[in-house]
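Residue 99 in my numbering sits at position 99 of the sequence shown, and the numbers go up by one each step.
It is worth saying that the hints were derived from the structure and are not from the lab.
Backbone N, C-alpha and C fix where the C-beta goes; we use that ideal spot for every residue, glycine too.
Please note: incorrect hints may appear among the correct ones.
[To be verified] Label-pair restraints from in silico Cβ distances: (1) Leu31 to Asn74: 28 to 34 Å; (2) Ile59 to Thr10: 36 to 42 Å; (3) Leu117 to Phe86: 23 to 29 Å; (4) Arg75 to Thr100: 31 to 37 Å; (5) Ala62 to Lys91: 18 to 24 Å; (6) Leu11 to Asn74: 35 to 41 Å.
[Said to hold, decoys possible] No more than 20 Å apart at the CA atoms, straight line, and that leaves these computed lysine to aspartate or glutamate pairs for DMTMM-like: (7) Lys105 to Asp63; (8) Lys69 to Glu51; (9) Lys71 to Glu53; (10) Lys30 to Glu4; (11) Lys102 to Glu82; (12) Lys38 to Glu82; (13) Lys33 to Glu51; (14) Lys73 to Glu51; (15) Lys78 to Asp25; (16) Lys101 to Glu51; (17) Lys52 to Asp98; (18) Lys69 to Glu82; (19) Lys33 to Glu4; (20) Lys52 to Asp84; (21) Lys102 to Glu53; (22) Lys42 to Glu1.
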Amino acid sequence: ELIEEAAKSTLNGLLFTFCYAYPLDTNFVKLLKRKVEKHGGKFYLVQLTCEKESLFKRIKSADRENFGKLKSKNRLKKILTEYDLFSPVPKLQSLQIDNTKKSAKRVARMIQSHYKLK
1 ELIEEAAKST LNGLLFTFCY AYPLDTNFVK LLKRKVEKHG GKFYLVQLTC
51 EKESLFKRIK SADRENFGKL KSKNRLKKIL TEYDLFSPVP KLQSLQIDNT
101 KKSAKRVARM IQSHYKLK
């Protein structure tokens with residue numbers, strides 16, 4: 001598994017992103033944390049959220065195509081009714097950032113500053 005191999009290696013870090021759905025993905029996140037910490041790594045959890053209106057605007061973004069991200073407004077509506085995408089992972093400390101009006105660079109700087117990363 002990529003996460004565990006990265007934790008074993010001499011890499012300075014690994015950034016892994018995915019859309020967390022409570023409670024469905026809770027055990028998966030806790031498993032990742034255990035794997036990283038088992039090899040002496042540090043696990044930093046960041047939850048990015050934005051206003052729902054902004055989610056629907058972003059769905060049209062051309063760069064989503066390049067990363068294989070969701071592109072359908074109808075599919076997004078369905079997901080938002082079926083899953084809780086806004087709750088934090090229970091019992092795990094995380095940095096929560098509403099990025100509705102923030103650039104990717106600004107959010108990256110906030111994460112870097114909060115976790116004192118180089």
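Now the hints, each set against the structure:
1. At about 32 Å, the CB distance of Leu31 to Asn74 agrees with the hint of 28 to 34 Å.
2. For Ile59 and Thr10, the Cβ-Cβ distance of about 39 Å falls inside the hinted range of 36 to 42 Å, so the restraint holds.
3. Roughly 25 Å separates the CB atoms of Leu117 and Phe86, a value that falls within the hinted 23 to 29 Å.
4. About 21 Å separates the C-beta atoms of Arg75 and Thr100, a value inconsistent with the hinted range of 31 to 37 Å.
5. Range check, Ala62 to Lys91: about 38 Å between beta-carbon atoms, so the 18 to 24 Å window is missed.
6. Separation of Leu11 from Asn74 is about 39 Å and conforms to the stated range, judged on CB atoms against 35 to 41 Å.
7. For the hint pairing Lys105 with Asp63, the CA-to-CA distance comes to about 16 Å; that is within 20 Å, so the pair holds.
8. This hinted pair checks out: Lys69 and Glu51 have alpha carbons roughly 18 Å apart, not beyond 20 Å.
9. Between the alpha carbons of Lys71 and Glu53 the distance comes to roughly 15 Å, so the proposed pair stays at or under 20 Å and holds.
10. For the hint linking Lys30 to Glu4, the alpha-carbon distance of about 13 Å falls within 20 Å, and the restraint holds.
11. The straight-line distance between the Cα atoms of Lys102 and Glu82 is roughly 27 Å, outside the 20 Å bound, and the hint therefore fails.
12. Our distance criterion of 20 Å between C-alpha atoms is broken by Lys38 and Glu82, whose separation comes to about 34 Å.
13. At roughly 28 Å between alpha-carbon atoms, Lys33 and Glu51 are farther apart than 20 Å, so this suggested pair is violated.
14. Only pairs whose Cα atoms come within 20 Å are accepted, and Lys73 paired with Glu51 is accepted, the gap being roughly 15 Å.
15. For the hint linking Lys78 to Asp25, the alpha-carbon distance of about 18 Å falls within 20 Å, and the restraint holds.
16. As the CA atoms of Lys101 and Glu51 are separated by approximately 9 Å, the hinted pair is consistent with the 20 Å bound.
17. A threshold of 20 Å between alpha carbons decides the hint, and for Lys52 with Asp98 the separation of about 11 Å falls inside it, so the pair holds.
18. Of the supplied pair hints, the one linking Lys69 and Glu82 holds, its CA atoms being roughly 18 Å apart against a limit of 20 Å.
19. Among the hinted pairs, Lys33 with Glu4 is consistent with the structure: their alpha-carbon atoms are about 10 Å apart, no more than 20 Å.
20. With a C-alpha separation of about 12 Å, the suggested pair Lys52 and Asp84 falls inside the 20 Å cut-off, and the hint holds.
21. A distance of roughly 15 Å separates the Cα atoms of Lys102 and Glu53; the hinted pair therefore holds under the 20 Å criterion.
22. Distance check on the hinted pair: Lys42 and Glu1 sit about 17 Å apart at the alpha-carbon level, within 20 Å; holds.
Consistency note: the structure conflicts with the earlier hints numbered 4, 5, 11, 12, 13.
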